[in-house]
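Trainee: Residue-level listing of the chains:
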Amino acid sequence: MQSQELNLQPEPGRKQASGTWWATLRLPLLALGGALALTTLVLLSSGVSPLQAYRILIFGAFSTPVRFSDMIMLAAPLLLCATGLTLTFSAGLYNLGVEGQLALGAVAAMLPLRLFPELPPALLWSLCFACAAAGGALWALLAAWLRLSAGVSEIFAGLGLNFLASGLALYLVLGPWRRSGSASMSGTELLPRELWLPTLGALRLAPLAPLLALLALALVWWAVRQTRWGLQLRAVGLNRVAADRLGVPAQRRIAEAMAGCGALAGMAGAIQVLGVFHQLIPNISSGVGLLGLLVALLVRADPRWVLPVAVVFASFTVGSVQLPLALGVDSSIAGVLQGALVLFALLARGLSRRVTG
Amino acid sequence: MEVAVHNLCKAFGAVRANDDLTLRFAAGQIHGVLGENGAGKSTLMKLIAGFLRPDGGSIRFDGREASLHGPGAALRAGVGMVHQDPLDLPAFTALENLLCAAPRGAIGSRAAGRQLLSELARRLGFTVEPDAPLASLTVGQRQQLEIIRLLACGARVLILDEPTTGITAAQTRALFAALRRLAAEGNTVLFVSHKLEEVAELCDTVCVLRAGRLVGEQLPMPVPQRRLLELMFGAAVAQPTAGGAGEVRITALRSEGGLPANAGEDGTPALPGLHGSPTTERIAGEAVWQLAGVSARAGSVALRDVSLSIAAGRIVGLAGLDGSGQPILLRLLTGRMRPETGHILVNGRALSGGGSRAYRAAGIEYLPADRLNEGMIGALSLTEHFALLQNAALVDQRAAERAARAAIADYAIKATPVTPIRALSGGNQQRALLALVPPDCRGIACEQPTRGLDVASAQAIWRRLLERRLAGCAIVFASADLDELIAYSDEVLVFFAGRVSAPLHRAELSVARLAELIGGVGFGGG
Amino acid sequence: MDQVTIFLAAVLAGAAPLIFATMGETLTERAGVINLSLDGTILLAAMIAFAVALNTNSLLLGFGAAALVGALIALVLSFLSLSLRQSQTAVGFVLALLCTELSSFLGAPFVRVPGPSVPFMPIPGLASLPLIGPILFRHDLAIYASLLLVPLIWWLLFQTRTGLTLRALGERPQAAFARGVPVVPTRYLVTIVGGALVGIAGAVYSLDLKQGWSYRHTFGAGWIALAIVIFGGWRPWRVALGCYLFAALEILALRMQSVLPGVPTQVFQVAPFALMIVVLALVNLTGNPRVTRRIGSLPPGLRQPVQALVSRISAPPPAALGQPFERP
Amino acid sequence: MRQTPLQILALLLLAAGLLAACGQQQATQPTSAPTAAQPTSAPTAAQPTSAPTAEEYVFGMVLVGPINDGGWNQAHFEGAKYVEEQVPGTRLIYIDKVNPADRPNVQVEQAIEELIDQGAKFVITNSAEFADGTAIAAEAHPEVYFLHASGDAVLRGVAPSNLTNLMGRMEYGKMIAGCAAALQSETGKLAYLGPLIDPETRRLVNSAYLGARYCWETYRGQPADSLAFKVTWIGFWFNIPGVTLDPTKVATDFINEGYDVIISGIDTTEGLVEANKASQAGKTVWAVPYDFRGACAQGEAVCLGVPFFNWGPRYAEIIADARAGNFTSQWEWIGPDWNDINNSATSMIGFERGPALTAEHAATLDEFIGKLADGSLNLFSGPLNYQDGSVFVAAGETADDETIWFTEQLLEGIEGQSAP
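Protein chains in written order, with this note's numbering: chain A, 1 to 357; chain B, 1 to 526; chain C, 1 to 328; chain D, 1 to 420.
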């Protein structure tokens, strides 16, 4: 069960000798074409003009400053998750538990908010992010521990821990942290306005969130590409046996990669609490972790592509919000497009493998 | 049923595993198939049993040409194969193994299967409980069950691949009795082995393969052991691998005295200028490895009570056929396996409880045979490998590239510093592997260091290893190439079915002596 | 007593869709393939089953459509993972998300539209038996089918030759290959059949238990089914027990609200996942020599019960689960 | 809805494509059912291309659930359609299903922004959950008027001046529902399928209980303590799989436990549907759905009637006023038109009798409604105690609006969680 074929990293050695544009663009074009074909068929089936739908899906998020800022606020946690997953994918792990790590980060971020609401906001925020990172990392380390010492596949452990984390959030929202006099799944009391992450004017854009995400991406990029630690991480992901022979402490690197991913996902959780929802809700992750997994699967742990793909995915999601209003169709077509892109990317990779090897 | 192959060809990449084989196995007899590692025995057997499809030529059963698209088809045609590690289902019971995917109509019902199982077991003198979980059975019992299963499924030709590895003497006796009985009943048995005594004891005829070709066809037993060894290891074809080794072999084989104790004296092979005086070296180094009463087990092979000491500056060769236990020793020496009992000292410090990282820290390097899967990371370049070996937190890209360039120059590796390792040829990969060994290394354990390399590459590798040895490094290597073992070893340990011979010093080395020991001759009865 | 029988009957009914899904997945995983797309498959199949049944007014066509959807998703999974050798995990995961979104998009016109449902059908005679009657024989056809499915799958897996072959694919496909079984085509077949059962689970939700369709109508059911298969150790009876336990937990969660006013009872629903993790960890513990030694060093009075308990709880997964097949 | 040939072709293509690609199948063809009206597939939302003309007054609505839920959201949607009909020149645009389960990354403010961006000058939000978001949006868009239905920001004095609150006195509807349940019940065990716990839902449960208890004692002649009244809360206004309890299961469990009338307090109709199913399976059960006048259609045979909101008339007045520049920010809590509670042009709250209510009980119910109408019966009269024994309304007193609005607990005699 553990020896899944981890085809996660870019394979520089497989580059085709023929350097024609077709050879380099074949895979992405096949994936894009297949995904668009499927999505178009789905759109046509509900009698919607695909062109209009695509116009809204692709450009909708850039049409007004408000939408653009919404897109940024979605892209920020998404970027953090996808960046974190770059670490675990580099180490050859499917961290399916990223959703739970995000939720636990959000729960942990609530702790200082509830315990020390009197602290100056800046200090409180730092504390929140620190707690969130610690919470996410802890949850990820639990999965890593299960993997390394009890041999539980990180896929199933992560899945189970996701549900446990959402159970915890549910318990807190409906139990000890509920609004006074009510018990609703809609979330805890809203934070006081002064504790919301400061925004740009009337927009919902809190610049701290994307800044943090970009910083994390840069840091991870640097760590994976420039440091020996990152090199060791990739070595473990590519070939654990050989890495071990070359003196890399593989187990440690795996645990560190998981913890790093958990910490970043936890910080994404803190953004959801402080900058997006301003409260803890049961569905605090809002599927951002799963979307992050899609992004990471698509870019195969290559940090260069994380930012553009995360932004594109976020703009699909934000753009799709206008679909019901403008075209009368459900906005989940964004998810169809995102999923289809990854599915056809897998298909294209499989086909090319079959052709070349 | 008679089995015949005509002009059979099978190639794996550039290697011609079976090269235009034409051969006939008569019904009602036990046929030995001999050959050293890589001679093409297994390929031939897998072709006949339908596991592989030939590139050319034909397979005929009782004169009718058979087109086998899989082992199922072969079994329907009456051919069954028992693999060295039986291809059975440990999670099932014996009876379930018998019933699983049995051909339509072969076994009517569960009850019929149970009856058939006990009946066949009784007839063949086997002891297999129908309801015993397979995981609780010994390899020998699992093999017996496989034979029963194949017979129950209608096999009239049985192929056994190294069946006596990992089973007890009593089981071997039972097996042989059963095989004789089966042959007497008109079945054909193909017995693949490299244990000459067993072949001599059991087989009616023997054929010998070497390098994919038939070198001895249907020799009716008994054939003199010496003749078989000569056929297997190629007395007639001298290959100029290393210095005068070829001559040694020929003289050794030609001398009539059986085990010429003096063979080493006139035929000490040497690489001039590199090989120092053996006698002085023998005393010089301190012990790098010391093993006391070490036992360990991997799969069906167990090493028992091994004690030895390997000094700095010594080269120890490990001889033996596949599955005789050499990899276990290599793994013990490098901390990849922990001994069940006994102690291992490295540089005088007890390390038996440590893992591979502790050994590595103590200056022990392991060079695996599977260079790409265990040795290096195919997707990374030589520069990145050197970067991995650095100590600082930040990669010093320039230093790593310098090291890579130096290695490329020193070791004549045909690559750029940024070429992914997987894009290199085998010889270059091996040189890169060697180049990555740190200069202060105390001991190197290599598995098949020159496997798959051409002569020039192999010599280049050995030049490097010998340089290391001059720098005070102890080298242990396992090889299937007797010439290589003789040419470079200060002493050789021969492995046979998990047992280790006393060290043979270079003075005592000869191909004949090694071949005998490898074939199990001289390891005593049982 | 009456309350107990009613409770048991409700448990049997409530677990019906999970039984279909877990039995399908048990088959699939026994053949060595992980179909991780369960959650999406169930949703899409539920939606399409409802849409078809609504428009054709035929429940049978609805169930058939659901089975077809499940089978086709399994076919896609098989093609990508078995033929194109992409990771089963990645493909299954992506399919789970994609089909969830597809069900939301295509199902929009059917949200909360009243539609047909499987009619109640007590079995004459048997239904009036004391005790057993109300528990077993006062349901509808879909639930009877779920009750029959467990012994059927058990029989198929453990009492027939087909089952032996199928399990061989999951334990050691090389051995099956050596016995002449076409490994990849058979795995295709089993995955598709398993997928069809998972699809039927969706139909049982939308045409019976949770009548109709709404957004993410059965969200989470697939992941729960995956967890239960692990909890059940890939053995049909134990897997079924897991389903019934989960259904009982769900009903308890409804009733405990007034008993445990401080505790949100929704939290009970995550219990299966905690159990799954514990079971997975135990599976490996029994193989761990250190633990074996630790158990061996217990006082003899304690040793045997502990040993028995651990070996009873832990059930090893099919040895080749999730691994691509390499010819020997 | 008719299909154009192009659509049918597209459907076929889709079927074929999905066959090859993602495991869909031909059965998806009839995505547009020939049966019941399906507002989602025939959206009334604005044509995206037509910009609002000068004389057109666009108003928007943000709904927490789908517009065809047969309950709360459909009632609001019908109300908005009523405005379009009654106030010439108005046009409705809306976004439904704004909740973390259906639109995980969309917040109320965001949805409101979209509506304003499409030209909405007046925005209605329809859930208590939207209180904070509506206030935020109202502050950000002082030029737009906002109506938060079921909210109390104005009452609590925290509302911006372009925000008004509107709610119906559903307490009366629930009293009637409770009475109908008590009249018809055979076992004397009534179940209330509760959404989440807050002051609104508590006062509605209490009202249903008071109505039931009164009719149980008065018309059935039974002692109050022989009436069982139990609430199970699912945790939200409607089912969110994995987060809330499943209302289908809750309803089934009520029936299994022997409760024979399910009074629904949630936005959707699971209670009615499950009761109908159980009835078909031979059990004697009834249900009282909620919110939407047409709700009984999903289970005629077991429907005792439905207390419903009729938002249209008041919406029309407020929007017409706002358009004319006469917007006032106020907290409104409007009761039924006691002359004819089911008058669709005048009454905010009504009770549509269901087919399952016997004629005899219907007559009794009318008598009960009459007492409420002429003021001779005020069920919020003391002595009434909370669950923990503390006094809600002292003996000889009647509760004022604020006491009722901010109800803190369930009443004594009700089994279920209060979450004070």
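These are calculated hints, taken from the structure and not from any lab test.
Check the hints yourself; a few may be wrong.
Interface residues of chain D toward chain C, partial, derived using beta-carbon atoms under 7 Å [what the hints assert, rightly or not]:
1. Pro-66
2. Asp-69
3. Ile-116
4. Gln-118
5. Thr-187
6. Gly-188
7. Thr-232
8. Thr-358
9. Val-391
10. Glu-412
11. Gly-413
12. Glu-415
Quick reminder that beta carbons are idealized off the backbone N, C-alpha and C, glycines included.
Trainee: Kindly indicate which numbered hints from before are broken by the structure, ordering the numbers from low to high.
Mentor: Of the numbered hints, 3, 4, 5, 6, 8, 9, 10 and 11 do not hold.
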